[in-house]
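K.L.:
Hey, can you work out the whole structure from these sequences and the hints?
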Amino acid sequence: MRILIVEDDELLGDGIQAGLTQDGYTVDWVMDGLMAKEAILESTFDAVILDLGLPKLSGLEVLKAVRKKKISVPVLILTANDSVTDRVKGLDLGADDYMTKPFDFTEVSARLRALMRRSAGRSSPTIVHGDIIIDPASHEVMLKGNAVKLSRREFALLETLIENAGRVISREQMVDILYGWNDDIESNALEVHIHNLRKKFGSTLIKTIRGVGYIIQK
Amino acid sequence: MTTLTHPAKKTRADKRQQRKHVYRRLFWRAMGRYVSRGRFSIRRFLMLSVFGILTLILAAIAILNYYQLAQQNLRIYQVQLVNGAELLSAIYSVKMHRDREQALSDLLNQSVSSIHQAAPADKAYDLASLQHSQQNLVFQILNNQTGEMVKSPGAPEAPLSTHDFGFEHLNSPNGTSWYSFTLTNKTISVIIAVKEKFRKKVNDMIFLHDLIIILIAYVFIAILLLSVIYVGLSPLRRVVQEIAHRDSDHLGSINVKKVPNEIKPLVRELNKLFHRIYDSLEREKKFTADAAHELKTPLAALKMQVNVAIRETDDQKRRVLLDKIIAGSDSCAHIVNQLLTLSRLEPEAQLADTATIELTAISQKVIGMLANRALDKTLDIALMAPKKYYITGNETAMEILLRNLIENAIRYHSGGGKVQVVLNERHHKVYLHVIDDGPGVPKELQKRIFDRFYRQVGQKVSGSGLGLSIVSHIVRLHAGTVLAKTPKNGQGLEVVIMFPTFGG
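Those sequence lines, one after another, are chains A and B. Quick note on our numbering: the first sequence kicks off at 1 and runs consecutively. Quick note on our numbering: the second sequence kicks off at 219 and runs consecutively.
No lab work stands behind these hints: they were computed from the structure. Yeah, the Cβ is synthetic: ideal placement off N, Cα and C, and Gly gets one too. Any given hint might turn out to be false.
[Claimed, not checked] Here are some, though not all, of the chain A residues that point toward chain B, as calculated from beta-carbon distances under 7 Å:
| id | residue |
| --- | --- |
| 1 | Pro102 |
| 2 | Gly166 |
| 3 | Lys207 |
P.N.:
Take a look at the structure:
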């Protein structure tokens with residue numbers, strides 16, 4: 001798999017190149033926007049890691065030029081600026097994902113993999129969380145290798161919680177998921193479902209954050 | 219404004235009133251635009267106004283003068299005509315023979331021309347001779363019984379006037395305008411008249427002299443006044459010069475004593491502004507210095523760990539050191555982020571983009587983001603907010619505030635306890651509490667923790683020392699108060715923030 005790194009800082013660029021090579025990719029590295037544009041237009045890459053603050057041509061300009069030519073290579077933006085407006089601008093101009101500096105390389109690696117998976121067309125891989133494997137396509141759930149039987153609502157709640165692991169899902173959001181099934185909601189329907197999930201997966205999986213919602217830890 | 223009982227029936231007077239209102243408003247709006255477009259100049263205004271007033275006044279004087287001269291001229295001629303008529307009448311009342319009448323007339327004419335020859339070149343005589351030589355002043359003496367007339371040369375053949383007595387403006391058959399006086403007694407009528415053209419000419423000559431004097435005065439007054447205005451406004455120019463010659467770092471006060479009273483308040487305020495800018499610049503310099511200082515130590519620590527890692531031969535131990543290095547660089551990144559936040563907030567004297575914000579929702583959002591970190595330390599985190607609480611403020615700033623408070627509570631906790639966020643309302647004030655049962659802060663230091671870069675002595679946990687000063691600043695921007703205290707159960711730290719609401 002061929003990755004292009006566009007980063008003008010020596011140390012950082014070198015580090016990312018080393019890291020990606022360790023991961024087993026073939027890595028090319030350019031240090032300014034003009035060279036980046038030429039490289040992307042000429043050769044085929046499986047993904048591009050693009051820093052925004054570049055000499056000669058800014059990262060956003062490179063992105064604009066590349067998308068204009070209808071090149072759909074997945075682009076992950078790196079930026080020191082964490083302002084929402086800049087992020088939105090990048091995504092609107094055609095980036096697929098962004099990361100702020102400084103970052104954890106493991107996260108870059110994971111996001112890169114997700115990007116390339118998405119562009120390859122495999123949009124629903126299995127979700128793994130510890131001993132739990134969820135197959136969103138077949139709605140099958142495995143715990144420690146054994147299949148677990150879940151109602152449709154229980155599955156929806158579990159899937160949402162695991163997909164958003166590390167973030168609290170509010171009561172309202174979870175009730176919305178249940179409500180989507182067009183049934184009348186009993187006042188403590190949510191608590192009942194959570195209780196059932198805890199029985200099946202252990203009481204430590206889903207944590208209650210009083211006053212806010214529920215969370216599955218990362 | 220007139221009150222109308224029938225809004226449809228607007229009288230003409232009301233319409234006129236309305237129109238006047240509209241014009242007045244348009245006029246002031248135009249004036250305002252003229253002033254605000256920056257072309258307004260006191261000097262130009264004064265000069266134009268003075269010039270205008272002067273012109274108006276002197277024009278009025280000139281006009282009044284003309285009319286007054288015309289009046290005087292008439293009176294003088296009236297006197298002259300009457301005198302002449304009476305004289306002639308007196309002379310001719312004496313019974314005379316016909317040929318003697320003619321001889322007297324010739325004699326009268328002769329004497330005048332001899333005056334003319336004998337007179338020195340003098341304007342007064344010139345005028346008189348002009349009057350006579352061009353036959354501008356004439357007389358006719360009518361014998362009422364015989365109808366015969368004795369007249370001066372230049373007088374028309376027919377009697378000018380048909381009246382017995384009095385002044386008249388009339389025209390002779392050949393079109394000449396005359397101003398005449400008629401005197402009649404038993405035997406004769408004396409008519410004496412002056413050509414209007416000549417009379418007007420005399421009038422104009424005198425008026426011209428007056429006008430020249432007025433114009434000369436006008437020019438002198440104008441020059442003097444305009445110079446005075448120009449000189450009078452020169453202190454302004456001096457102040458401008460003084461400020462224009464300053465360097466950007468010269469923020470000292472302008473000497474107020476040399477400045478005219480009208481500008482003293484302006485200069486005083488400028489000086490105060492200089493002072494404020496100077497203070498602000500000093501604060502920024504200090505902040506940058508502090509920030510640089512604060513980063514030196516974590517960076518030094520990082521470098522130290524790297525040095526040790528290089529020398530470590532054991533793979534396992536090196537791995538541990540490298541993890542510490544990652545933690546150290548995270549800490550640097552955290553400090554930098556806090557500094558950025560603080561530097562964006564510090565210059566603000568007031569909040570930008572205020573709106574009505576709801577604190578329960580914001581608390582839920584921030585706790586939602588930080589819950590994982592709390593759980594990783596086996597900290598139970600909870601929100602106690604029985605309802606929605608609305609205040610006026612900035613949502614982003616409030617998120618930053620909550621994030622810093624909750625992060626603080628989590629960061630310094632050794633683990634296995636709880637963090638509570640509580641919202642309640644009393645007497646139109648909303649109270650936000652963040653309570654933890656961690657190590658807490660001794661009572662005597664509870665005020666100091668909000669100081670910038672303050673960290674407790676012997677604090678092992680890494681931190682920037684900026685979190686609570688950011689909190690304190692945001693609270694101030696929202697017109698609230700913040701304090702730190704020990705919770706009721708004596709363990710940990712409770713930070714209480716009070717926000718005023720609409721009623722309070």
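K.L.:
Give a verdict on every hint.
P.N.:
So, going through the hints one by one against the coordinates:
1. Taking 7 Å as the C-beta contact cut-off toward chain B, the hint placing Pro102/A at the interface holds, the least distance being around 5 Å.
2. Hint status for Gly166/A relative to chain B: holds, with the closest Cβ pair at about 4 Å, below 7 Å.
3. A least Cβ separation of about 6 Å between Lys207/A and chain B falls short of the 7 Å threshold, and the interface hint therefore holds.
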